[in-house]
Amino acid sequence: MLHMKEEETIDTFATKLTTLTNKAENLGHTMEDDTLVRQLLNDVPDMYLQIVTSIEQYSDLSEMTLEEAIGRLKTYEEMIKYKGKQVDNQDRLLITRYEEQGRRRGHGGSNQSQGQENNFKKETHNNSNKLTHDKSK
1 MLHMKEEETI DTFATKLTTL TNKAENLGHT MEDDTLVRQL LNDVPDMYLQ
51 IVTSIEQYSD LSEMTLEEAI GRLKTYEEMI KYKGKQVDNQ DRLLITRYEE
101 QGRRRGHGGS NQSQGQENNF KKETHNNSNK LTHDKSK
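Under UniProt numbering, the first residue of the sequence shown carries the number 1, and numbering increases by one thereafter.
Hints in this document: simulated from the structure, not taken from any laboratory.
No experiment lies behind these values; they were computed from the predicted model shown.
Heads up, a few of these hints could be off.
Unchecked claim - In silico EDC-like pairs for lysine to aspartate or glutamate, Cα to Cα no more than 20 Å straight-line:
hint	residue 1	residue 2
1	74	7
2	16	77
3	81	6
4	16	32
5	74	34
6	81	46
7	16	67
8	74	6
9	23	11
10	85	8
11	81	7
12	23	33
13	23	67
14	83	7
Starting from the given sequences, assemble the full structure and let the hints guide the process.
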């Protein structure tokens, strides 16, 4: 029995299915489109369950051609890839924003340290002036 692997594309699997169909026809065994469509829909991975259910529920499988079923599955596959890229891009954007916030906080922290350091220098300078003035008394 032919099953589509998770990492396979619809194109790859459809090619395998049509190759087997052509071999069967060369041996004198013809397969009807509705049989091939049902075979295709039954053998795709679970990630296609949503579109398979939709096709089965809203389409007349006895009238659907194999090419039409392949086209619908390919459209769904492309949508999944596109959405996946969008999610990846959004994740990268969030990470970049988080890193930028961290950098800004890091600079702010060092500015505070510099501010504290400057206050220390002023206090030390003021105290040394007091000592100098006290010696003159």
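Problem - Hint check against the structure, violated hint numbers in rising order - result: Going through the list in order, the structure violates no hint and respects every one.
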